[in-house]
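Spelled out from the first residue to the last, the chains are:
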Amino acid sequence: MLPRKDAFWIAQLLRRAGFGASPAELDRYQKLGYKATLDELLHPERIDNSALESLLAREKFDFGNPYAIKKWWMYRMLHTANPLEEKMTLFWHGHFATSLQKVGDPKVMLEQNKLLRRLALGNFETLLLGVSKDPAMIIYLDNQENQKGRPNENYAREVMELFSIGIGHYTEVDIKEAARAFTGWHTNQKRSAFVFDDKQHDDGEKKVLGQRGNLNGDDVVHILARSPDTGRYLAKKLIRYFAYDDPDGDFIERVATQYQVNGYQIRPMLHAIFSDPSFFTNRAYHAKIKSPPELVIGAIKTLGIRNADIDLPGVIASMGQNIFEPPSVKGWDGGKAWISTESMIERFNFATKISSQKFEELKPFMSPTQLASRQGLKTSHDAVNYFLDILVDGDVPDYTRARLVKYMETDLDGKATRGVKNEQVLDAKLRGLVHLIMSLPTYQLA
Amino acid sequence: MIKGAQAGTFCLSAGELLKLAACAAEPQATAPRALVVIWLNGGNDGLNMVVPYADSAYYTARPGIAIKPGEVLKLNDKVGLNPAMSGLARVYADGHLAVCQAVGYPRANRSHFHSRDIWETGSPDGFVASGWLGRALDHLESEARARQIVSILPAVNLDPVLPKSLVSHHIAVPTVNNLADFDFRTDPKFAGDRKTQLAALNDIYQNFALGRPHVELLRDAGLAANKASDKLTKIVQGYKAGANYPGGGLGDALRFISQMVCGGVNARIYNVSLGGFDTHINQRAGQGNQLRQLSDAVAAFHQDLAAHHLDRSVITLIYSEFGRRVGENGSQGTDHGAAAPVLLVGKAVSGGVYGDHASLTSLDEGDLKYAIDYRQIYASILDKWFGLDPHEVLGKNFEEINLLEKHRT
Numbered sequence: 001m002l003p004r005k006d007a008f009w010i011a012q013l014l015r016r017a018g019f020g021a022s023p024a025e026l027d028r029y030q031k032l033g034y035k036a037t038l039d040e041l042l043h044p045e046r047i048d049n050s051a052l053e054s055l056l057a058r059e060k061f062d063f064g065n066p067y068a069i070k071k072w073w074m075y076r077m078l079h080t081a082n083p084l085e086e087k088m089t090l091f092w093h094g095h096f097a098t099s100l101q102k103v104g105d106p107k108v109m110l111e112q113n114k115l116l117r118r119l120a121l122g123n124f125e126t127l128l129l130g131v132s133k134d135p136a137m138i139i140y141l142d143n144q145e146n147q148k149g150r151p152n153e154n155y156a157r158e159v160m161e162l163f164s165i166g167i168g169h170y171t172e173v174d175i176k177e178a179a180r181a182f183t184g185w186h187t188n189q190k191r192s193a194f195v196f197d198d199k200q201h202d203d204g205e206k207k208v209l210g211q212r213g214n215l216n217g218d219d220v221v222h223i224l225a226r227s228p229d230t231g232r233y234l235a236k237k238l239i240r241y242f243a244y245d246d247p248d249g250d251f252i253e254r255v256a257t258q259y260q261v262n263g264y265q266i267r268p269m270l271h272a273i274f275s276d277p278s279f280f281t282n283r284a285y286h287a288k289i290k291s292p293p294e295l296v297i298g299a300i301k302t303l304g305i306r307n308a309d310i311d312l313p314g315v316i317a318s319m320g321q322n323i324f325e326p327p328s329v330k331g332w333d334g335g336k337a338w339i340s341t342e343s344m345i346e347r348f349n350f351a352t353k354i355s356s357q358k359f360e361e362l363k364p365f366m367s368p369t370q371l372a373s374r375q376g377l378k379t380s381h382d383a384v385n386y387f388l389d390i391l392v393d394g395d396v397p398d399y400t401r402a403r404l405v406k407y408m409e410t411d412l413d414g415k416a417t418r419g420v421k422n423e424q425v426l427d428a429k430l431r432g433l434v435h436l437i438m439s440l441p442t443y444q445l446a
Numbered sequence: 001m002i003k004g005a006q007a008g009t010f011c012l013s014a015g016e017l018l019k020l021a022a023c024a025a026e027p028q029a030t031a032p033r034a035l036v037v038i039w040l041n042g043g044n045d046g047l048n049m050v051v052p053y054a055d056s057a058y059y060t061a062r063p064g065i066a067i068k069p070g071e072v073l074k075l076n077d078k079v080g081l082n083p084a085m086s087g088l089a090r091v092y093a094d095g096h097l098a099v100c101q102a103v104g105y106p107r108a109n110r111s112h113f114h115s116r117d118i119w120e121t122g123s124p125d126g127f128v129a130s131g132w133l134g135r136a137l138d139h140l141e142s143e144a145r146a147r148q149i150v151s152i153l154p155a156v157n158l159d160p161v162l163p164k165s166l167v168s169h170h171i172a173v174p175t176v177n178n179l180a181d182f183d184f185r186t187d188p189k190f191a192g193d194r195k196t197q198l199a200a201l202n203d204i205y206q207n208f209a210l211g212r213p214h215v216e217l218l219r220d221a222g223l224a225a226n227k228a229s230d231k232l233t234k235i236v237q238g239y240k241a242g243a244n245y246p247g248g249g250l251g252d253a254l255r256f257i258s259q260m261v262c263g264g265v266n267a268r269i270y271n272v273s274l275g276g277f278d279t280h281i282n283q284r285a286g287q288g289n290q291l292r293q294l295s296d297a298v299a300a301f302h303q304d305l306a307a308h309h310l311d312r313s314v315i316t317l318i319y320s321e322f323g324r325r326v327g328e329n330g331s332q333g334t335d336h337g338a339a340a341p342v343l344l345v346g347k348a349v350s351g352g353v354y355g356d357h358a359s360l361t362s363l364d365e366g367d368l369k370y371a372i373d374y375r376q377i378y379a380s381i382l383d384k385w386f387g388l389d390p391h392e393v394l395g396k397n398f399e400e401i402n403l404l405e406k407h408r409t
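Heads up: the sequence lines are chains A and B, in that order.
Quick note: the first sequence, position 270, residue 270 per this note's numbering, numbers continuous.
Quick note: the second sequence, position 301, residue 301 per this note's numbering, numbers continuous.
No lab work stands behind these hints, which were simulated from the structure alone.
No residue lacks a Cβ here, since even glycine has one placed at the ideal position from N, Cα and C.
One or more hints might be untrue.
With a cut-off of at most 20 Å between alpha-carbon atoms, the simulated PhoX-like pairs for lysine-lysine come out as follows [claimed, not checked]: (1) K68/B to K78/B; (2) K353/A to K78/B; (3) K68/B to K330/A; (4) K78/B to K415/A.
Cβ-Cβ distance ranges computed for the label pairs, FRET-style [said to hold, decoys possible]: (5) S56/B to E253/A: 52 to 60 Å; (6) V173/A to N289/B: 32 to 40 Å; (7) H391/B to K107/A: 42 to 50 Å; (8) Q189/A to T60/B: 45 to 53 Å; (9) D356/B to D62/A: 27 to 35 Å; (10) A129/B to E423/A: 27 to 35 Å; (11) G168/A to D94/B: 28 to 36 Å; (12) F127/B to Q211/A: 40 to 48 Å; (13) N178/B to E423/A: 34 to 42 Å; (14) G275/B to D198/A: 43 to 51 Å; (15) T171/A to F127/B: 56 to 64 Å.
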């Protein structure tokens, strides 16, 4: 039986709608309660995020450098007061996947990222139109080359297959016709802004998804965004991203309906997911594999590490999510695809990296002997329970708990010990414990 | 399976295998038959890889990007290889490259992702969760167990994400890209604690059951990771490459595969891919560079295996999710198409050109019609190379193609 306490589900909400929470953040949200927390997350426009902006300004990023835009984004994920806005930006980055490798200029990628954030919870038609005119996308899917009489189908295919209605809802003829509608949708010479190249646009009659006329790109976006297929496609993808991997048709319809009745808005879909009864069941609980940023940012927040000595973009790239460089136009598959032997080794080794940091906000780590006396963690049992609770909700088999206690009751040569340890051994064992718990299957789950 | 090899060889300890690797120059080197699969990611343009240079329709359809008859590396009086593929042209001249033309499947799917699924699962007709290689592995491993043959790893994936092709019912295939990072690390300040932590973690993983959806997957991957890191780091030391590999990811990957083959890892399947084939624009240069990398890396790999006397034990299959449209587009490139050639490389391969190049005028929605079903190639490999019943893996019978020399029993 899962607890019915608000606090328990707020923690889950923050793992899904955000990147986990620090002890202080958790405290504040729990005082607000579930409904008010969700309301706050859904309305980033009401929240003062100036602390983040001034922190970023102090860093003086050079946005001509690919690494800088990655680091900039990781800092946002870590320090934002609007975690859902950032999470949705990451969702859209995977949805409208565009890679620095082909686009080349980090500043163009950064502009796309800002567009995705600005429209993250808003109207999907506006977002789809913005992306269709976004220089990074135009370069990535070759629409720059799409000209009257010499169409390039790349964008027309992916906008249907991956960005809106989904496979099975269009024909090869729809793609060829839509490609003609997007002819002349180019960038300027500097590749920094959209231009409509009149001379390269095909003004002839086209027929896309049953609609006929002298269609242009705006018309195609309009047709696609308003299709019920798009509502269902987005609903399924959002549920899989935020709730669990194999939603049934009813849940998808409940969320897709919100898209249709609210004028193609994303926010009501998110509200529907995070307040759906199935979000508060075993089906959802610990049922998602953490993506690399969820794992990495979450660890830093939960353990209260203020100055992490960690190459954040590099670490998540080694686990399989190199932001701004998705593997293909389909983005990251997510779910089970995050897990391989190699990514598990990377996750284990990240746990080692974390467990050897300074834990400024976590009192027990400031002095291991204080842990014993003041925090009331008198025994190995207490320490194991404490860290299992804060890191994995205590959601492990009994054997795991017992085996961790046994690990705590050995010295640095692996010999069994009892009683008080010296400070150095206690410190080593507590860090080893954190390493082991972060390496558990449950810790990989959100 | 592994007919013609001596089963006893595969029961060596790691130490003995190291010795074997060190004296690999001796001719008795042996390994179980392995298949290397290289997927050309993005939809490789078959017509500019195996060029129908004697067909005028080719030049009509591609005024801007066709390869001139004088440039192609001729295989026969009809087709020739892209000029960037001199490495594989030499392999062809030696009789170790088979070129299967116009390979595809009914009702071509032009989505990268769906067509990739179709190739990887071996099922064009509907969704299946397992891959054709995964199912083959299930059979190979159960036979291996029956014969008490030890393989350190049943298969190795070198791509960032495990492809569907390697999804099996019983085996978690490890992914390894970079051996240097493939090591369970603990805090260096307390080095003595590493063994204790590793033992605790393995115990916990072996006994981890929680009734949540992904827990088994995580447990298997975690256990496989620790096992693989322990074994691999020991076994692949002492290898010296017997050829010069080109720079780039594919050359590195194939060198690592050679290192594993020579080191006695005894995997039956190695998986890797090369990207950059989605050539909607400026195809001549883009595809040329990728084909050069492919051709040079594969030629070096087979030379390397020959130097270690293991070239009879490995074949390499090269394919892409689809070919591209016959006519070029407006950007000196090509859009998504259908049928395309598949290559098979190895000393055990009967070299030659199989099937005719597809008609460039009788088309299916602007694309080449297939003549060889891709599963005919799979069936030939399953039967002739692995000694498996193709029907068990593919669910149907397919007419085989004699791509591989008759296999010794």
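*Enumerate the violated hints, using their earlier numbering and listing them in ascending order.*
2, 3, 4, 7, 8, 9, 10, 11, 12, 14 and 15
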